[in-house]
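Colleague: Sequence:
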Amino acid sequence: MKHLALILALLASPAWADRADHDRARRALEAGEILPLSEILQAAEAARPGRVIELELERDDGRWIYELELVARDGQLYEMEIDAATGTVLEIEREGDD
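One point on numbering: in full-length UniProt numbering, the residue at position 6 of the sequence shown is 6, and numbering is uninterrupted.
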């Protein structure tokens, strides 16, 4: 039941890119492979305060990575990658910067 509450909280959070992301996240969380989304969002907020508007979970080189898109308090759009197992922010890039 605890997992169900977490899943419902996940759904109430930022928009998932698609249903497959949600299902992958649920399975990975239940298997202990990733941190709860609340911890990922705390790491994102600490690194770049703002509002997450899109969230994807992907497997990259054998590890789970959350890709977030967020609008900072100054209105700038950022993309962020966070290691889903550790909560480590791997990359922050302002949209339009190359």
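Everything labelled a hint here was simulated from the structure, so no lab data went into it.
One or more of the hints may lead you astray.
Pair by pair, the computed Cβ-Cβ distance ranges are [to be verified]:
(1) Glu33 to Asp74: 30 to 38 Å
(2) Glu54 to Thr86: 33 to 41 Å
(3) Ser38 to Arg63: 14 to 22 Å
(4) Gly75 to Arg27: 17 to 25 Å
No residue lacks a Cβ here, since even glycine has one placed at the ideal position from N, Cα and C.
Colleague: Hints the structure violates: just list their numbers, smallest first.
Modeller: Hints 2, 4 contradicted; others consistent.
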